[in-house]
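Protein chains in written order, with this note's numbering: chain A, 1 to 240; chain B, 241 to 480; chain C, 481 to 720; chain D, 721 to 960; chain E, 961 to 1200; chain F, 1201 to 1440.
Since the hints were derived computationally from the structure, they do not count as laboratory data. Since we're looking at a predicted model, the values are computed, not measured. Think of the CB as a built atom: it goes at the ideal place given N, C-alpha and C, for glycine as much as any other residue. Hints may contain errors.
Cross-link-like lysine-lysine pairs, in silico, BS3-like; alpha carbons within 27 angstroms at most [what the hints assert, rightly or not]: (1) B/K398 with A/K84; (2) F/K1425 with F/K1384; (3) D/K945 with B/K324.
Computed far set for chain E versus chain F, every beta-carbon distance over 12 angstroms [as the list claims (entries may be wrong)]: (4) W1020; (5) H1033; (6) K1144; (7) G1157; (8) M1184; (9) M1193; (10) R1195.
Which chain C residues face chain B? A few, computed with CB under 8 angstroms, are given here [to be verified]: (11) Y505; (12) D516; (13) G563; (14) D597; (15) L601; (16) S663; (17) K664; (18) D666.
Number of protein chains: 6
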Amino acid sequence: MMIRADQRQPDQLRPVTFQRGYTRYAEGSVLVSFGDTVVLCNATVEESVPPFMRGEGRGWVTAEYAMLPRATHSRNSREAARGKVGGRTHEIQRLIGRALRAVIDFDALGERTIRLDCDVLQADGGTRTASITGAYVALAEAVNGLLRDGVLTVSPLKDSLAAISVGIVDGQPLLDLNYGEDSKADVDMNIVMTGSGAFVEVQGTAEAEPFTAQQLDAMRALAMKGCAELAGMQRAALEG
Amino acid sequence: MMIRADQRQPDQLRPVTFQRGYTRYAEGSVLVSFGDTVVLCNATVEESVPPFMRGEGRGWVTAEYAMLPRATHSRNSREAARGKVGGRTHEIQRLIGRALRAVIDFDALGERTIRLDCDVLQADGGTRTASITGAYVALAEAVNGLLRDGVLTVSPLKDSLAAISVGIVDGQPLLDLNYGEDSKADVDMNIVMTGSGAFVEVQGTAEAEPFTAQQLDAMRALAMKGCAELAGMQRAALEG
Amino acid sequence: MMIRADQRQPDQLRPVTFQRGYTRYAEGSVLVSFGDTVVLCNATVEESVPPFMRGEGRGWVTAEYAMLPRATHSRNSREAARGKVGGRTHEIQRLIGRALRAVIDFDALGERTIRLDCDVLQADGGTRTASITGAYVALAEAVNGLLRDGVLTVSPLKDSLAAISVGIVDGQPLLDLNYGEDSKADVDMNIVMTGSGAFVEVQGTAEAEPFTAQQLDAMRALAMKGCAELAGMQRAALEG
Amino acid sequence: MMIRADQRQPDQLRPVTFQRGYTRYAEGSVLVSFGDTVVLCNATVEESVPPFMRGEGRGWVTAEYAMLPRATHSRNSREAARGKVGGRTHEIQRLIGRALRAVIDFDALGERTIRLDCDVLQADGGTRTASITGAYVALAEAVNGLLRDGVLTVSPLKDSLAAISVGIVDGQPLLDLNYGEDSKADVDMNIVMTGSGAFVEVQGTAEAEPFTAQQLDAMRALAMKGCAELAGMQRAALEG
Amino acid sequence: MMIRADQRQPDQLRPVTFQRGYTRYAEGSVLVSFGDTVVLCNATVEESVPPFMRGEGRGWVTAEYAMLPRATHSRNSREAARGKVGGRTHEIQRLIGRALRAVIDFDALGERTIRLDCDVLQADGGTRTASITGAYVALAEAVNGLLRDGVLTVSPLKDSLAAISVGIVDGQPLLDLNYGEDSKADVDMNIVMTGSGAFVEVQGTAEAEPFTAQQLDAMRALAMKGCAELAGMQRAALEG
Amino acid sequence: MMIRADQRQPDQLRPVTFQRGYTRYAEGSVLVSFGDTVVLCNATVEESVPPFMRGEGRGWVTAEYAMLPRATHSRNSREAARGKVGGRTHEIQRLIGRALRAVIDFDALGERTIRLDCDVLQADGGTRTASITGAYVALAEAVNGLLRDGVLTVSPLKDSLAAISVGIVDGQPLLDLNYGEDSKADVDMNIVMTGSGAFVEVQGTAEAEPFTAQQLDAMRALAMKGCAELAGMQRAALEG
């Protein structure tokens, strides 16, 4: 069996940490790390919803994602300086928002928006899945604040949410790819699951070689194991 | 068993047509329709590659996607007028290009770019999968032209490529959702496959309800049937 | 006398066709062709007017114009990708809207907007005049729908509207220039006329050589003949 | 016969002045006024041409046009602040450049660009025709400098160029409309002519009522008279 | 002691002129020149305030700044053409607005905005300080109009405002640097003062060499002398 | 004497920390905090210079600045989403770059660029001065790396650089204003100094009340004390 550069087993996550209350002002603020991937996830509660939803008594959850210019080995120019949000960023922030909305009861949230900002401070692969996993904790922090303050009496959280990447490298299915593994993977897949084990998003891409149904099943099994472990760590972080 | 509004069986495609040579000037030009979804796919051959690839003797394939403002029931404003390409468009055109690149041998293509423009004239659901399926035929037309003209002696096409949407509506897995079905689906999935039956992209999203591994398997089976049928129609269209 | 590449007489139009109801959702939808120039003209009825006109009970008509990237011999990049609408496009869509407004009674239209989208699928010269000529038919289709549905009881159309290009090539005044003729013309002129024979726009440009009053008169005469023929075809298409 | 608000005859120009050398640094600099319309026209000589023309030994002339925000009765926001050049500006600056190019011999100019900046300091109608008329003088100043410095030995100016607006107000054809007249005109026409009396551009628009061939002839006659007078004043200004 | 290229003493201003009523339509319009630096300052009175200030009965003053493309020795491209306002422009227009607001009583102004447009026609150093000095006169003209028309009964002007540049060139502190001096200065400082001699802005930058407290004091003394002289000229201009 | 909300003396800095090596990939990476203001300063070394400097053997230093959306009490929208860099950001990043360049010997640096990214994670006043102070340490880290690797043999750092804000609140000059103090200050001043005690930038603004020469002197004295203390802490951090 293949030995990973960082000595992990094929089905082993990198060390994962959640640092709650990382900044002072956000209603929820979590610094999440998956190995050397570090993302600051801040939740903002706004007492309004987008124009097309006004007056219906239902809430909204949305997300934005960005990387600091020097989160990576070589520097990327800022999207603000280029004057537009790039395609990859659009794709990722749409994914994060859509995934979080799957575990929210918008009637219970009431006519307010929770906005998640995921800013990658350091990137070593898996930034979108780390963002989702951290953003859920920041979202839960913000919801807990609303419950504590009596703004809400029932939690709008229907379930917890975590995400992980899986892939096939040199024919071997691997869990939680770092950048070095990701850049040589034949297949790259991101899976988002609820705490109770259902699928919210499955996105698999043949980077180099089309893949078989058997490979798809093997990656799915790894992801289910990884997401279950992440759900446990999220619970622990929120109770801590 | 549920009866679909257009009388189709759950595992039945809409009528699919490919009209080759639809415009005069493009190196490949196909008007593809899946029921009332109509997409014009034009292939352009350019004797250059993006700057970062120059001098390596390898080719490139890329795609752009747009909808005409009145392709849909109500009018959408133009992205040019808004001054930027939207997130959904970015996501779709990245998908089309990435999928097509999975069946191309870039060394065999040589230092040239084939650019696929997918413009939706009428939209009734499944525009991204129709775009991929039609773009493959336009790409093959363009490649055949290069072979016919002696620019290439060996085809860079490693396999054919088709895509289809599947979903779960009222608990029932369905193949090839139209707009009405798509807008009430619990799960929406797009699958891209090679003609030889391997997976290139799998993108499933829980729009309303997270889904189980069993549901994922059922949708996968429908998609495999649909893509196999599409591959046959593509072959017929290219031989015609 | 000069023989045109496509065997036409100097005062002869290319074959002109109007395909009504080309797409399903627009209130008016016409695929117009002048030889190899093909434009899809869609009319959208909106029950509102621009902010500066609200509350006055008067309507508005406006137009947008675009070319698909591969409508032409070589590909043009998309204006959405470049992040702005170009000068030529601005100039053309302002012309189309202004010309159509000359035949509309805005009081009779009432406080609603009709928006014409002219998308060029294939370009062989004269795309702006084909757009105006086709857009009038789509506009009339949309107005007829409003009359049929009882939204309007009196037609706001004061007259019909058609446009044609004329020019001077090798000293010879010609009607309805195709791309090959246009690119070597000394003078290029676009004329928009009502069905009753009055002028709405006259735009003549010396591309290579300044022109005389006599040449201006000769081009005007050709245009009057061409517009009269187009008005007849429009009538036939709308009765068909 | 109608009496104009400023006591002019129907065929009378407003007072026209050319102030040469208005700024110090430009190779040609002319402040032109037509009554209360005041435009600063600066010519810049650049020893290069656009990329698509390099190495052919031929020159280029181009123009840009803008209005200061408070050139008009009420303030217009800056195009820089809005982040894009508007449609009207595009249309006008394309017209100015195209018209000037009609009187230039690009082989004689050699591989250099002359760039005309027309900035409207005060606007009382006819800013585009004043811009063309003033820009010609600035262009001639710049060309004279190149001749004086021995950079050129033969003038690339084939003819002089002037422009004027004409229109129909209350049924009366008028020359050189001011803003008050322009805003109630049924027809508005801009005509650009060479010093030797040939037409370079004819742009007529029915603002309120379509017009007849007779009205077109009457406006043309007024414009020919006005342009001839302007050509004389330009000659005088350049000799002064 | 160093002799300046234009024979000025180190503590001597360039010739300064204010031409009031330079354009007809603006509520205040002043062409200000400091030697060869010429700026057109127009004041516009608007009967509204920005959204965040509505309903509070208080006014607002803001400014925009731009250079004509050929105000300088070599041409600069237009910010509108580049699609964005540059960093230097942002910095200068924020400075002008902020400085003017320091001498306005917003309660006395009432719920209206005065907007100052400073457009540099010719630039020979010190355009930002000339803009502030001229904009104050245009602002006072506009305020005087409001008083004359009875819109205001008490002047909202708390003091007058002038600005000047100072610097250190070859070790010598100099007042009112022209472009040639500015481009070789070790230190460049802009100081904005009220007519009664208090400081509103102090902005000093070591372009080449950090500076001492003594040098700062010497520059401050020159600026105080220059601003006092400018305040006298402004008074004279407004009385004239 | 006034008591500050956080019990500091008028001439006392907030607690200042420098965390070196905060991220892994940047050539210099420092997390700097001034009380609750936290800025991540990353230095990137690039082996090239801007086009206008090529071939001269001299280096360049530049900076970019941004705030995370939820660095502040209420959320600010992203500049990338708005499609442009705002005026305040432009002003600040120009200041940071200009200040750092004052302590660099560009000949000694050689033809390479050091780019400083200052991203504010949390903002409680003084973000621009904290950015400069932290960026200097990141810059020194990057330079030390170049010396250690033998790329440079002589340090291009001519001096160290620190910055601090001072202001006048309720008539009392204060050092290092936090957000609460800054928002009610009459005068706000930012001063940048070298380690050897010379001035690099002095930027003072009367937010509410113009200020006297005496007040300017008092603020200057506070800033000199603060910058001297910061220079000592920087030295300690770089030796640590």
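Query raised in the report: So which hints don't hold here, by number, going up?
Result: 1, 3, 7, 8, 16, 17 and 18
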